[in-house]
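Protein chains in written order, with the working numbering: chain A, 1 to 308; chain B, 1001 to 1308; chain C, 2001 to 2308; chain D, 3001 to 3308.
Treat the hints with care, as some may be off.
[Stated by the list, open to error] Here are the simulated DSBU-like pairs of lysine-lysine, each with C-alpha atoms no more than 35 Å apart in a straight line:
#	chain 1	residue 1	chain 2	residue 2
1	B	LYS1181	D	LYS3147
2	C	LYS2006	B	LYS1147
3	D	LYS3121	A	LYS298
4	C	LYS2147	A	LYS122
5	C	LYS2181	B	LYS1181
6	B	LYS1227	B	LYS1303
7	D	LYS3298	D	LYS3227
8	D	LYS3121	B	LYS1147
9	A	LYS121	D	LYS3147
10	A	LYS147	D	LYS3122
11	B	LYS1298	B	LYS1227
12	C	LYS2181	B	LYS1303
13	D	LYS3121	A	LYS147
14	A	LYS6	D	LYS3303
15	B	LYS1298	C	LYS2147
16	D	LYS3227	A	LYS227
17	D	LYS3298	A	LYS121
18	C	LYS2181	C	LYS2147
19	A	LYS6	A	LYS121
20	C	LYS2298	C	LYS2227
21	C	LYS2122	A	LYS147
22	D	LYS3006	D	LYS3227
23	C	LYS2303	B	LYS1006
24	D	LYS3181	A	LYS303
25	A	LYS147	B	LYS1147
[As the list claims (entries may be wrong)] Label-pair restraints from in silico Cβ distances:
#	chain 1	residue 1	chain 2	residue 2	range
26	A	LYS6	D	ASP3287	26 to 32 Å
27	A	LYS147	C	ASP2149	43 to 49 Å
28	A	ALA129	B	GLY1074	39 to 45 Å
29	A	GLY186	D	ALA3117	46 to 52 Å
30	A	LYS6	B	THR1258	36 to 42 Å
31	C	ARG2130	D	ASP3038	36 to 42 Å
32	D	ARG3130	C	ASP2151	45 to 51 Å
No lab work stands behind these hints, which were simulated from the structure alone.
Even glycine gets a Cβ: it sits at the ideal position worked out from N, Cα and C.
There are 4 protein chains.
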Amino acid sequence: MTSTAKLTGVIPPVVTPLDDDRSLDVASYERVINRLIDAGVDGIFVLGSTSEVAFCTDELRAQIMREAVRIVGGRVPVLAGVIDMQTPRVLAHIDTARRAGVDAVVATAPFYAITHAAQIKKHFEILGARSELPLYAYDIPVCVHTKLDPDMLVDLGLSGAIAGVKDSSNDDVAFRRLALKNRDAGEPLTLFTGHEFVVDGAYLSGAHGSVPGLSNVDPEGYVRLHKAFQRGDWAGLQLEQDRLAQLMEICLCPRGVTGWGAGVGAFKTALMLQGVISTNQVPEPFDALTGADVDAVKLILDKFGPQA
Amino acid sequence: MTSTAKLTGVIPPVVTPLDDDRSLDVASYERVINRLIDAGVDGIFVLGSTSEVAFCTDELRAQIMREAVRIVGGRVPVLAGVIDMQTPRVLAHIDTARRAGVDAVVATAPFYAITHAAQIKKHFEILGARSELPLYAYDIPVCVHTKLDPDMLVDLGLSGAIAGVKDSSNDDVAFRRLALKNRDAGEPLTLFTGHEFVVDGAYLSGAHGSVPGLSNVDPEGYVRLHKAFQRGDWAGLQLEQDRLAQLMEICLCPRGVTGWGAGVGAFKTALMLQGVISTNQVPEPFDALTGADVDAVKLILDKFGPQA
Amino acid sequence: MTSTAKLTGVIPPVVTPLDDDRSLDVASYERVINRLIDAGVDGIFVLGSTSEVAFCTDELRAQIMREAVRIVGGRVPVLAGVIDMQTPRVLAHIDTARRAGVDAVVATAPFYAITHAAQIKKHFEILGARSELPLYAYDIPVCVHTKLDPDMLVDLGLSGAIAGVKDSSNDDVAFRRLALKNRDAGEPLTLFTGHEFVVDGAYLSGAHGSVPGLSNVDPEGYVRLHKAFQRGDWAGLQLEQDRLAQLMEICLCPRGVTGWGAGVGAFKTALMLQGVISTNQVPEPFDALTGADVDAVKLILDKFGPQA
Amino acid sequence: MTSTAKLTGVIPPVVTPLDDDRSLDVASYERVINRLIDAGVDGIFVLGSTSEVAFCTDELRAQIMREAVRIVGGRVPVLAGVIDMQTPRVLAHIDTARRAGVDAVVATAPFYAITHAAQIKKHFEILGARSELPLYAYDIPVCVHTKLDPDMLVDLGLSGAIAGVKDSSNDDVAFRRLALKNRDAGEPLTLFTGHEFVVDGAYLSGAHGSVPGLSNVDPEGYVRLHKAFQRGDWAGLQLEQDRLAQLMEICLCPRGVTGWGAGVGAFKTALMLQGVISTNQVPEPFDALTGADVDAVKLILDKFGPQA
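With the rest of the complex left out, here is chain A (with noise of 0.2 Å):
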């Protein structure tokens, strides 16, 4: 087990690559993860809403987990979404992690039953209570439809409950009020935005570190991003913000599909198109991108992608 102590930097929401069968791809799954390393990243995040971990199947997550770890091998921490309806569903998922050999795990708000502010909190303190990995809450209102509560996630982070955030709420204000609040409490959290688009915004606010799902397709981009965050060349990240940004258009070019197979289609379309992986199968319900879809984002990820 790594530290994840003061885990800050870009950590991808590595994708699962499939097979035609939809097996994971175990051979891709290696070359995705070792090109991210090999690019510098600070960790990786297996089983979030990148990784289809609402679509895996609990043998499906156990293998994705055992196959990240025994890749990666200690060179960075391993993060895995423990991604469930509610408490006693997630802290099965707790231990299976635990027993796979990952660094840390990340939940979201409990979801499907109607939970509100006193339940959420309780939910992360029992979850963060039982687990003997460090575990990081992820704020995510799109696919839980509640959004955290920056006072609540900093009194979790004093107690001691969670180790940082995710967000991927796509809500700058609480963003910087958390920011602001996590920094008169002292740091107890660890900061990390999801949101491809604005991760040079969210710096700004008081973000450590983001995690990208565009960081699949460009992770030397966003190494570079926090690079520049950390030497403070504001204008350095701006303009490499805005080349990710115009990138970032591949998940909102197909019209084949339309929300999740979209986004996720079109980082695994990218990464077929990179030799990266072997195919852009994505899980049931959803199709793989063809045709126009393909050619529309291969023209963005010529135009503003990775240069060879």
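Using the hints provided, position chains B, C and D relative to the given structure of chain A.
Same frame as chain A, but now just chains B, C and D:
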């Protein structure tokens, strides 16, 4: 396996009684189920929202199905929820359900990852094609944040993918439209309403039965409601429904908790007060109702509940 | 001024016929209103959502009220919408309505600026206290994005602030709860449903009447529905309602436009096809239905509409 | 009329001071506006959400514009909100604004009646075509419940319909996309952010200025922020922004009221405490902040507000 070919009538979504340590209280479960069957219900539905499906681990889900099948012993059909985020995970639950010996399965639209109309339809088509058991679609936007389209549902019925719909969408306009379209298409679907407050209106719109959580507490009432519907006694329907609607206020009276915890918490509290289950324990992160909330449930139960 | 003390029955929300240049087509308006009264409606409601209140300038609103009062000539009560964002602007419309000679006013919850429970209640209390005319609360969350609470509405009825409710909330659970609480409180409120598809279910829940936009197209149908309700003929109610629900599909058949433009566009198109109004013109930024959308309306109107 | 051709920088949405009887407090209004201009703002925006536009009667709206134009006396451009539900009503406000002598108008997407993409675009096209004054689009989904699409906005800029955008959408991803698309199209639009908490991030994304309600309370702060941006001093920007974000907590500290009443109530309370306006009166149905809420505002203002 019991035939579900013409399943209509009252199908309670059975609560899951827990011991203080939150394991399944089998003795209480036997009392709950036997009481329902004695009252004349037409089937039972386990692992729905009321049954705490979002909270149950896979092991507990399997145990619940096995025990329910054993207790029921073929007297009525057993339907089981196979609720999970996306198609592959739901398919895994369908497999477990089949092995547990239930008679039909009930699945929602995909959730967590954003999914639109084409994928929602494909989701049900895949489930229907690969399930040996009849499949019911569970329309519950408050949990999954999408509403199932009436035209799609009728198409899925005509193609044989689904056998019926449990409607918990609180959209009586869409339900009337669904019932009329279903009738025009030759009634491929059996339609159930999940709204305890307005089962009479759903019958008027074209429902074939009901799946009311409150029937755990007052099964005779909902059976009488269905019989009044069968003989066209609308004045009787309205009278019984008004009483049941007033009884259903137990779910809205708690002050210490809202949402799911108030609703199922109140059902379990009423069952405890009726001597049917041993405790009103609920799963984490919720707590059982206590004190003034129990008193409030008792007051309503005494006034509007079933008479001894 | 006509008494609204015991106003019940069918109160059509009257469409606002426009000339090609989008000024009020008074001759068509006379035909629309006289036809409604001839069919036996119990009142008319001008300047509701169907009447294009959100589009009408203040001058046009005043003209509509004056013309409606003149045309009706005391035969039935005239209710007028006083729809605007917040209390002071609504009060100004109430003053205009009073001077125009209408019999009652209809106001929504405040909108645009975010307003919570205490302010919503105070809003209606202020309007009720300062209006010489009876005030009806218009519950239409699809437009104002808040739902009126049943307990609050009954309280407002008991205090004399409001005389009744027009429910267009598509929440039949809340409507049943409102009706039962109103009955327990001694019926301070008269309750109307605005949902064309399920007026029968609303009667079963406790409605005293309906305000269906479709009654512009088929006033006799909704009057028959009310009479069937009055004599307790539920089989007749269901049969008439099923036909009207199928006719209401005119609002869902347009392909060239959705939302408000499809609904009111279809009502006006049907009225044009029936020879009641001269054109199916709608206000900017909408365009009148044309071509295939008119044909689709005609097909449904011919099949399910009123017989000559 | 003052040129708005290259309007950038800080444009406060000016509060509307009221007397105790809720009429316009002209003396206080003079102090508010003169203080803003003395602080170096680049324009003022009257009749926005902060200015209570949703509450002001038409008479009060006209008075506010006349007084603002008189007080400003051509020193900076005056923008005026023409906020109303649908196109014809907005056109009427544009006419009033033109006669009042303001320099530009600001309109939202249509609201109340449901309107989709094609009509939203047409709405702005009609407004732009018929307005003699430059038109700004106001993107405020929290009030109007639709988000303006970046591609549509750039198209409207290219066609000359709109001159710029005030973004209060709290969607920094969409704002970055808008800024990049605008740049690619040759900067037809000037872009302003309305989010007090993250103006620095908006500058990084491509904003040309800000419209922060909090600049009523601390105009020098936001002017310094803009000047730091102009000279590329990102460390200075971040420092000033952090302080202003902490000051903005005045809008989140009230306990007696939430939503609009807390935000504008806090601005007015701070201005009263600063001696700029006479009372912190707000329009009906809201009440002025009192007691502990005033104390909470004072505490934050003393700690993070502008120094004497």
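Status of the hints after comparison with the structure:
| no. | hint | in the structure |
| --- | --- | --- |
| 1 | B/LYS1181 <-> D/LYS3147 | holds, 34 Å |
| 2 | C/LYS2006 <-> B/LYS1147 | violated, 38 Å |
| 3 | D/LYS3121 <-> A/LYS298 | holds, 30 Å |
| 4 | C/LYS2147 <-> A/LYS122 | holds, 29 Å |
| 5 | C/LYS2181 <-> B/LYS1181 | holds, 34 Å |
| 6 | B/LYS1227 <-> B/LYS1303 | holds, 23 Å |
| 7 | D/LYS3298 <-> D/LYS3227 | holds, 28 Å |
| 8 | D/LYS3121 <-> B/LYS1147 | holds, 27 Å |
| 9 | A/LYS121 <-> D/LYS3147 | holds, 31 Å |
| 10 | A/LYS147 <-> D/LYS3122 | holds, 34 Å |
| 11 | B/LYS1298 <-> B/LYS1227 | holds, 28 Å |
| 12 | C/LYS2181 <-> B/LYS1303 | holds, 15 Å |
| 13 | D/LYS3121 <-> A/LYS147 | holds, 31 Å |
| 14 | A/LYS6 <-> D/LYS3303 | holds, 31 Å |
| 15 | B/LYS1298 <-> C/LYS2147 | holds, 29 Å |
| 16 | D/LYS3227 <-> A/LYS227 | holds, 26 Å |
| 17 | D/LYS3298 <-> A/LYS121 | holds, 30 Å |
| 18 | C/LYS2181 <-> C/LYS2147 | holds, 17 Å |
| 19 | A/LYS6 <-> A/LYS121 | holds, 24 Å |
| 20 | C/LYS2298 <-> C/LYS2227 | holds, 28 Å |
| 21 | C/LYS2122 <-> A/LYS147 | holds, 29 Å |
| 22 | D/LYS3006 <-> D/LYS3227 | holds, 16 Å |
| 23 | C/LYS2303 <-> B/LYS1006 | holds, 31 Å |
| 24 | D/LYS3181 <-> A/LYS303 | holds, 15 Å |
| 25 | A/LYS147 <-> B/LYS1147 | holds, 22 Å |
| 26 | A/LYS6 <-> D/ASP3287: 26 to 32 Å | violated, 49 Å |
| 27 | A/LYS147 <-> C/ASP2149: 43 to 49 Å | violated, 23 Å |
| 28 | A/ALA129 <-> B/GLY1074: 39 to 45 Å | holds, 44 Å |
| 29 | A/GLY186 <-> D/ALA3117: 46 to 52 Å | holds, 47 Å |
| 30 | A/LYS6 <-> B/THR1258: 36 to 42 Å | holds, 39 Å |
| 31 | C/ARG2130 <-> D/ASP3038: 36 to 42 Å | holds, 41 Å |
| 32 | D/ARG3130 <-> C/ASP2151: 45 to 51 Å | holds, 46 Å |
In summary, the structure is inconsistent with hints 2, 26, 27 from the numbered list given earlier, while agreeing with the others.
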